[in-house]
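Peer 1: In case you want the letters, here they are:
There are 2 protein chains.
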Amino acid sequence: MVIILKPIGRVHSPFKNKQDIDSEKFASSTDFDPIEGELEIDDEFSEGLTDLEDFSHVIVIFGFHKSEGFKLLVTPPYDNTPRGVFATRSPHRPNPIGMTILKIIERKHNILHVSGMDMIEGTPILDIKPYTHRDQKEEIEIGWLKDKKTGVGS
Amino acid sequence: MVIILKPIGRVHSPFKNKQDIDSEKFASSTDFDPIEGELEIDDEFSEGLTDLEDFSHVIVIFGFHKSEGFKLLVTPPYDNTPRGVFATRSPHRPNPIGMTILKIIERKHNILHVSGMDMIEGTPILDIKPYTHRDQKEEIEIGWLKDKKTGVGS
Numbered sequence: 001m002v003i004i005l006k007p008i009g010r011v012h013s014p015f016k017n018k019q020d021i022d023s024e025k026f027a028s029s030t031d032f033d034p035i036e037g038e039l040e041i042d043d044e045f046s047e048g049l050t051d052l053e054d055f056s057h058v059i060v061i062f063g064f065h066k067s068e069g070f071k072l073l074v075t076p077p078y079d080n081t082p083r084g085v086f087a088t089r090s091p092h093r094p095n096p097i098g099m100t101i102l103k104i105i106e107r108k109h110n111i112l113h114v115s116g117m118d119m120i121e122g123t124p125i126l127d128i129k130p131y132t133h134r135d136q137k138e139e140i141e142i143g144w145l146k147d148k149k150t151g152v153g154s
Numbered sequence: 155m156v157i158i159l160k161p162i163g164r165v166h167s168p169f170k171n172k173q174d175i176d177s178e179k180f181a182s183s184t185d186f187d188p189i190e191g192e193l194e195i196d197d198e199f200s201e202g203l204t205d206l207e208d209f210s211h212v213i214v215i216f217g218f219h220k221s222e223g224f225k226l227l228v229t230p231p232y233d234n235t236p237r238g239v240f241a242t243r244s245p246h247r248p249n250p251i252g253m254t255i256l257k258i259i260e261r262k263h264n265i266l267h268v269s270g271m272d273m274i275e276g277t278p279i280l281d282i283k284p285y286t287h288r289d290q291k292e293e294i295e296i297g298w299l300k301d302k303k304t305g306v307g308s
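Protein chains in written order, with this note's numbering: chain A, 1 to 154; chain B, 155 to 308.
Okay, chain A solo, but in the shape it has when bound (with noise of 0.2 Å):
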């Protein structure tokens, strides 16, 4: 069994390929917040939007497309510990997607103006959907991150 999915949009982004993200200088939980960029949606799913400016974020799901082949044990940046894939968000998954939540600051027509960006440029967009308070998840243990500087975890 296999999943085909085709990309919906596509990210416009400052970071114009990986070595753009310096991982030393976005170490943190909240250093891509100034971040801004924006999510272009093909004008075939455009009208799939509607509403979505009246949320404040967005989960947006989409594919590592730089990212090649994987291994199931990796060394994250700041540890010196071979862990679980699953236990990172590396991009080298056996399924290249990522997920990642925006702010939202304006929508114009199939142009959704985010800040809080983490991808590069044009990394396709598979999905979108609303940040609720489902997603929002108080008293949390974060593993082998908590004695890091990075909150993150790729």
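If you are wondering where the hints come from, they were derived from the structure by calculation, not from laboratory data.
Predicted model only: the values in this text are computed from it and were never measured.
C-beta: ideal position from N, C-alpha, C; glycine also.
Certain hints may be false.
For each label pair, taking beta carbons as the anchor points, the in silico distance ranges come out as [stated by the list, open to error]:
no.: 1; chain 1: B; residue 1: E198; chain 2: A; residue 2: I4; range: 19 to 29 Å
no.: 2; chain 1: A; residue 1: H92; chain 2: B; residue 2: S269; range: 28 to 38 Å
no.: 3; chain 1: A; residue 1: D43; chain 2: B; residue 2: N171; range: 29 to 39 Å
no.: 4; chain 1: A; residue 1: A27; chain 2: B; residue 2: E222; range: 35 to 45 Å
no.: 5; chain 1: A; residue 1: D20; chain 2: B; residue 2: N234; range: 22 to 32 Å
Computed list of lysine-lysine pairs in DSBU-like fashion (alpha-carbon distance at most 30 Å, straight line) [claimed, not checked]:
no.: 6; chain 1: A; residue 1: K146; chain 2: A; residue 2: K103
no.: 7; chain 1: B; residue 1: K172; chain 2: A; residue 2: K137
no.: 8; chain 1: B; residue 1: K172; chain 2: A; residue 2: K66
no.: 9; chain 1: A; residue 1: K148; chain 2: B; residue 2: K262
no.: 10; chain 1: A; residue 1: K103; chain 2: A; residue 2: K66
no.: 11; chain 1: A; residue 1: K71; chain 2: A; residue 2: K6
no.: 12; chain 1: A; residue 1: K71; chain 2: B; residue 2: K257
no.: 13; chain 1: B; residue 1: K225; chain 2: B; residue 2: K291
no.: 14; chain 1: B; residue 1: K257; chain 2: A; residue 2: K103
no.: 15; chain 1: B; residue 1: K160; chain 2: A; residue 2: K66
Assemble chain B onto chain A, guided by the hints.
Peer 2: What follows is chain B alone, placed relative to chain A:
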């Protein structure tokens, strides 16, 4: 361009089919919290779960395998106004993929015992990620859901 994904495992749930999830009974954002289930990851990917049991919550990306077709405007339960599909959590989406956040109870080898289960038996799992501080958004606006009994949005 298409993205081809292969499930890494499957869901075991007390909900055997879609009709078992009564939208009246599971309307508010915490109604699924006590529902338990299992994420069974294929043996070939099992090592990738290492360290995950030290996190309290896990993000699951999955396929809406019982969903056929989509509409760009949908009328959600508890609403009588058509909304853009990307402003809902409807399973009938251009790319039929879902995202949910579950609480980890324990891990036994390739099985994650979880609570918060809102998927149906046999749901294909595409990816698992740790829930971290970056995924916690504190002050949020929830658009059309604001005046609804449900905080879920599906």
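Peer 1: Is 35 to 45 Å right for how far apart the beta carbons of A27(A) and E222(B) are?
Peer 2: 43 Å, holds
Peer 1: What's the verdict on K257(B) and K103(A), does the C-alpha distance respect the 30 Å limit or exceed it?
Peer 2: The given pair, whose Cα atoms are some 25 Å apart, holds under the 30 Å limit.
Peer 1: Taking the CB of D43(A) and the CB of N171(B), does the distance hold inside 29 to 39 Å?
Peer 2: Holds - the Cβ-Cβ distance for D43(A) and N171(B), about 36 Å, lies within 29 to 39 Å.
Peer 1: Is the hinted range of 28 to 38 Å satisfied by the C-beta distance from H92(A) to S269(B)?
Peer 2: 29 Å, holds
Peer 1: Please verify whether K160(B) and K66(A) have alpha carbons no more than 30 Å apart.
Peer 2: Distance of about 18 Å is within 30 Å: holds.
Peer 1: Decide if the proposed pair is consistent with the structure: K71(A) and K257(B), CA atoms, cutoff 30 Å inclusive.
Peer 2: With Cα atoms ~25 Å apart, K71(A) and K257(B) stay inside 30 Å; holds.
Peer 1: May I ask you to test the hint 22 to 32 Å on the CB atoms belonging to D20(A) and N234(B)?
Peer 2: At 46 Å between Cβs, range violated.
Peer 1: Verify the proposed pairing of K146(A) with K103(A), using a straight-line Cα cut of 30 Å.
Peer 2: 25 Å, holds
Peer 1: Honestly, do E198(B) and I4(A) meet the 19 to 29 Å range at C-beta?
Peer 2: 21 Å Cβ-Cβ, so the 19 to 29 Å window holds.
Peer 1: K71(A) and K6(A) were given as a pair; does the straight-line alpha-carbon distance stay at or below 30 Å?
Peer 2: It holds: about 25 Å lies between the C-alpha atoms, which stays within 30 Å.
Peer 1: If you draw a straight line from the CA of K103(A) to the CA of K66(A), is it 30 Å or shorter?
Peer 2: 24 Å, holds
Peer 1: Quickly compare the C-alpha distance for K172(B) and K66(A) to 30 Å and report which way the hint goes.
Peer 2: 36 Å, violated
In this structure, the hints that do not hold are numbers 5 and 8, in rising order.
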